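K.L.:
Residue numbers (my numbering): 1 to 195.
These are computed hints drawn from the structure, not numbers from a lab. The structure displayed is predicted, hence computed values, not measured ones. Even for Gly, the Cβ is constructed at its ideal location relative to N, Cα and C. Don't take each hint at face value.
[Unchecked claim] Here are the simulated PhoX-like pairs of lysine-lysine, each with C-alpha atoms no more than 20 Å apart in a straight line:
1. 106 <-> 83
2. 108 <-> 76
3. 88 <-> 108
4. 99 <-> 76
5. 99 <-> 88
6. 88 <-> 76
7. 108 <-> 83
8. 155 <-> 125
[Stated by the list, open to error] Pair ranges (Cβ atoms, derived):
9. 169 <-> 70: 18 to 26 Å
10. 94 <-> 59: 14 to 22 Å
11. 151 <-> 99: 31 to 39 Å
12. 195 <-> 87: 38 to 46 Å
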Amino acid sequence: MSVSSQIVPNQLVGLVPNNIRSTLLLQISQKLTELQGFHLVTNIEERPVRRSVDELVIDAPIGEVWGLVAGFGAEKAWYPGAKSVSLKGFGIGRVRTFKYVYPAGKNKGQEYTFSEELTEYDASKHSMTFQVRRPDYPDMIGFGTTVLDSLGPNKTRFRWVAEGSPLPDEFAAVLREDLNERFDGLIIAIANQLV
């Protein structure tokens with residue numbers, strides 16, 4: 001028998017600064033769910049979020065595309081610019097760390113390291129979400145989600161969704177340009193692996 005309760009963290013929400021609220025609530029929700037089947041109810045609307053969606057259609061069956069994307073920590077095989085990818089942990093909470101060099105564009109040749117923690121995974125819906133940690137944006141709380149939708153036996157829509165805490169406009173514009181260029185390149189790289 002599963003115990004299902006709801007906790008509305010009104011007192012908690014009022015005490016935690018906006019820049020760390022979503023991460024803290026996510027961690028509390030995951031821990032309570034693990035322990036007792038609790039479900040944490042949050043008011044998502046009170047938290048300002050920036051959202052970006054990049055979408056392309058790949059001429060391949062959804063199972064083949066998911067076979068590449070679902071390998072959390074195995075991206076070096078197809079991720080342009082990934083010098084190495086290491087993995088710590090297993091399941092929800094595992095962290096992949098990229099040593100990355102920009103393969104093209106105005107940052108070509110620049111290197112940096114970033115990590116992503118798996119926060120949600122649903123193979124039946126062909127989706128996963130991860131929290132992004134970028135050293136160039138240390139105060140940003142960001143999440144990436146990949147979602148695949150079958151458009152037929154040999155067509156798959158690939159959506160890459162980026163959501164995060166608001167940044168000053170000058171940083172947001174730079175990050176948006178970086179992510180849009182990278183997401184397009186990543187989706188195309190996956191499609192090229194399946195040709």
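K.L.:
Could you work out which earlier hints the structure fails to respect and list their numbers in ascending sequence?
P.N.:
Per hint list: 3, 9, 10, 12 violated.
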